[in-house]
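Number of protein chains: 2
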Amino acid sequence: MQFNFKDSIGVRDNVFREGREILAPYIAYVQKTIDDGGYDKEEGFANLPGDEVLLTAVQTLIAEKVTGKLVYVVVLGIGGSNLGTKAVYDALHGFVDALELKRFPKLLFLDTIDARYRNALMILLKERVTSPEEILICLVSKSGGTAETIANAEYVRVELEQNLGDMSDRFVVITDPNSPLQKKADEHAIAVLTVPEKVNGRFAVLSAVGLFPLAAAGIDIRAMREGALAIQKTCLSLSVEENPALASAIALWALHKEGYTIHDTFFFNPCLESLGKWYRQLMGESVGKENDLHGQVIHMGITPTVSIGSNDLHSVGQLYIGGPKDKVTTFVVAEHTGPERTFEEGLFAGLVPELRGKTPNTIITAMFEGTKAAYKNHALPFMEVVFPDISAHSLGSFLQYKMFEMMYLAKLLNVDAFDQPNVEAFKTETKRILK
Amino acid sequence: MQFNFKDSIGVRDNVFREGREILAPYIAYVQKTIDDGGYDKEEGFANLPGDEVLLTAVQTLIAEKVTGKLVYVVVLGIGGSNLGTKAVYDALHGFVDALELKRFPKLLFLDTIDARYRNALMILLKERVTSPEEILICLVSKSGGTAETIANAEYVRVELEQNLGDMSDRFVVITDPNSPLQKKADEHAIAVLTVPEKVNGRFAVLSAVGLFPLAAAGIDIRAMREGALAIQKTCLSLSVEENPALASAIALWALHKEGYTIHDTFFFNPCLESLGKWYRQLMGESVGKENDLHGQVIHMGITPTVSIGSNDLHSVGQLYIGGPKDKVTTFVVAEHTGPERTFEEGLFAGLVPELRGKTPNTIITAMFEGTKAAYKNHALPFMEVVFPDISAHSLGSFLQYKMFEMMYLAKLLNVDAFDQPNVEAFKTETKRILK
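So the protein sequences, as listed, match chains A and B. Yeah, the first sequence ends on 435 if you go by my numbering, and it's all consecutive. Yeah, the second sequence ends on 435 if you go by my numbering, and it's all consecutive.
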């Protein structure tokens, strides 16, 4: 994975030095958390990719539950309980699931309780699933009390049992140790994987939350963990040149002070859109805070947006170039490779003379370079992340890099990366209305 | 369609009066454009839903090209050439296309030139399409020279002709009159529908751009047009109480002056996400401008974001409630209805006591009301649009209402709603690199 933070970001070296000095003690603290191992601090999420006990637990359960007959894995979860899983799955397979009708097993995500989607899903499952071995339901809720997830679980269970009989054996519960959900699962002999309590949901993609359903879908979770571990080393360096998480955290912090209140992650591979949505939660919840670490009201936050190239050049590109100077951009691209025909004079090809002698991969690469050049000409600050390929390893690296970036950015902004107190505002009001 | 602009928006009556006075001459101008008919002004898009010649042209071509054998309609287009079509299709069908494996015809969208998606699409088409009548390709490019669209058209044509022979008869070109693409199509006896030149792409959903592919997919385009015409009448009223486009344009303008630089459209029906992406282009390109109407550099713009409930309460909800006061929200919801079981004491249901005796529809409605209450408690400005149902008629109303809103908002912000000069910045750089 390659990074370019400095060429077009417009942040001076002394600002990078200043940020590094602020963060140095915290990086040492994170390093110590890793050296100590375990999950007694929120930063302990960094210990997940090296946790062999976790890997063994996941693999043992996979061996028990997954056979060649598996067709659908249904993930019941919302927010941190499904966004990371969906990010990885969509990048590798989900992006073309509607086209690859014969590739199985497929992951299906049921998050909110919208009746239309759930009803269509239930019709599909009832038609296509003829024996319990063909389906696996991952019920993911850290607290064990997420209304949407529990409601969907109840629905799916009752509907499937009409045709297939007792489904306890085909549920896997992923939750905090000792949550009410864990107890309920134990009573009914439903398999459970636990998530360390202090690992926050949006930092949990490399816990059982992501590993189990991804492994069930045949994704190489070892490679994903190795990707995370490989980049983690660089993310603990005190050198801004070496440490991508440090560099981008400082850039975002410095630009926020100058009025850049929106962070657009602009992916030039459409299969990475769900990865953008995972990052949107990570940034939104981690640094969007009413109070700072001392309890002062500050209404801090950087608004994350997700753009897709080349599509969005034809949508919001005009705003990005011509509009207010309030956005810092991270371009993310994986090289566009693979065999492609060149365009010669054809029925349509002649209408765009630049196409001649080029392949589609050459053209989209030129569009990416052209977009960066236009940003540069208009003095719009940007960073760049280049994936060597779209693989479990690369995705693992990106996920871990971004979680480190966010932890550092929160520290620079003087907010708690690991809480989300205002989410209670919705829940309290909803409960009041339901009563 | 019901609207609530005033209760929670925090804009005073005198500001609404001021906005209305600024806009009154322009509303008269738009009314005259409609009375005069035709397409010699950009505002002429308002004449599309009443254009009987257009409807006849579309229906005649549908009768010629669409039979019961049609399985796939492939839309080749990007930006304004596919976002509106996708908005309507996804709301009605596309949202569950990956689950409803037997429902046909399906629309498939090929926009950017990413190789993975195109290759998967080509494999599907080559496997499933055994005769030309089963497929229809809509090639949509107003200028006729959009690189991605032309490249994809060439690819799809060459690949399909390997198995199916000459496909000229199964292409429908939708473009500006006298574009090079129209001429090329004429040479090869390919059917053409034209789009009035002055109808800008992002205001073109009710032209042949949207009508033809949607009708080919079996969507009731008459109802869509009727929905647009019905709301258009109210969108020409000089009363802020009656005219939703006037009210929301003024609210967005007034709040922008107070530092609300982000407009979040927060849909509580996940099937409307693509409608959000259509609006994202409409707002991004129409009011994101480097210059005002007098050529002064102003870097105007309001950044559109799209949120989905209840999912995003578990993602960016923390940021929205606790973070900076820079967002104005439009909540959009269609009533959640239909038969649903109530939750009683079940294996999982007991874990969330509020579920008992409720249906999922009751719960998601409570979440929507709870969200609004939380916004109100935190003095976050919002408006509300309630769809009576998710139908072609309602979608037509919403699309037309939003296009009127944007036209009015641009006028208030003193920018040209109908140009996108900065998009050339990307194109010029890309061409330079390709040379």
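These are computed hints drawn from the structure, not numbers from a lab. Note that the structure is predicted; figures quoted are calculated from it, not measured. C-beta atoms are modelled at their ideal positions from N, C-alpha and C, and glycine is treated no differently. Honestly, I wouldn't trust all of these hints.
[Stated by the list, open to error] Okay, the calculated bits of chain A under chain B, using three or more residues with CB under 8 Å as the criterion: (1) 19 to 27; (2) 175 to 187; (3) 296 to 302; (4) 344 to 352; (5) 426 to 433.
Taking the hints in turn, this is what the structure says about them:
1. With a threshold of 8 Å between beta carbons, the proposed coverage of the region 19 to 27 of chain A by chain B is violated, since 0 of its residues qualify and at least three are required.
2. Counting residues of the region 175 to 187 of chain A whose beta-carbon sits less than 8 Å from any beta-carbon of chain B gives 3, enough to reach three: the coverage restraint holds.
3. Residues of the region 296 to 302 of chain A with a Cβ under 8 Å from some Cβ of chain B number 3, which satisfies the need for three, so the listed coverage holds.
4. Only when three residues or more bring their CB closer than 8 Å to a CB of chain B does the claim for the region 344 to 352 of chain A stand; here the count is 7, and the claim holds.
5. Here the region 426 to 433 of chain A counts 8 residues with a CB under 8 Å from a CB of chain B, which clears the bar of 3, and the coverage holds.
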